[in-house]
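Given the sequences, and given the hints that come with them, work out the whole structure.
In this text, residue positions in the sequence shown follow the working numbering: the first is 126, and each later residue adds one.
The set of hints was computed from the structure by calculation and includes no laboratory data.
Cross-link-like lysine to any residue pairs, in silico, SDA-like; alpha carbons within 25 Å at most: (1) Lys383 to Leu369; (2) Lys418 to Arg336; (3) Lys289 to Val213.
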Amino acid sequence: MMDVTEAARATMAALRNIFALLPYRLAEEEPPRKYWDPTESTGCDDAGDYVLLRLVANPDLRTRLCLSLWDLVCFSVCCIALLAAYLVARTFLYESSKQRSWVLTCLNSVVTPLLALRSLFRIVNNEWEYGFVSGGSRSSRICTLFFMAYLCCELVVGRVDYRKQVTLIMGYVHHFSYLLLASHLLVANRTNIMAMTLLEELPTLVLALSRLAPGWFAKPGQSQVQRRSLDYAFALSFVVTRILFHLYVQYNLFLWRKDSKLGYYWVVCVLALAMNLHWLLAWWKSAKRRREKDRKRE
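Here it is as structure tokens:
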């Protein structure tokens, strides 16, 4: 037992020494640059009149809560829009619970990547400057609030209307975890980085469209060709966004590992990357089984 403990300690010490040799960034060493669109700041540093939670007695805690009535209204509007769109789709378009379970997912995977582009441009255009990476903006807050509204609606509607389609790990645990992360970043006014990473919702759009509108991808009688084209489209979008783009974000956050605000977000990215790799492997096995069945039918 002692040998295992000593080996673990030696391994941790070696990793710390390696980490110490890797490059990193500090906020005080950041060169001044010209901000692009600086007027989009939410102004949460002046939290006195901006805070919604006025019942918080501690003034110091209240100044650290970036949450406004505007956020509540925006979140409510997003929830109403998502639920209204789902009710229309449920009433007039989709009778199967399997198809209905993809309606909210499809809406989210259309809206959030589009909103994410603005935050992506802001951060990359300013070369990952600390003020942008650790800050927020109106557009990034809208993107984050829409994502949070989707998670809440998916949990509620899934529980009521398509309970069998919502699994414990990939449904409830996944959605609650991201809801907590998004809430933390919203209250801390660090929504720029959250909004930018929602570009990774694009591959889900391919899957959602394949379930909701299969006729868009192939003519009748071309099911095998359709499956292959969808497999290629999903694999390409997944690798580009959830692997390569994710590694790009993870590396830049790793450079801020010594910062008090951003120091642990790269660890969250590592966990998300592990989940993405797990999903990619599970999809690959599923696609392989489908191809084997198609070959046997031929």
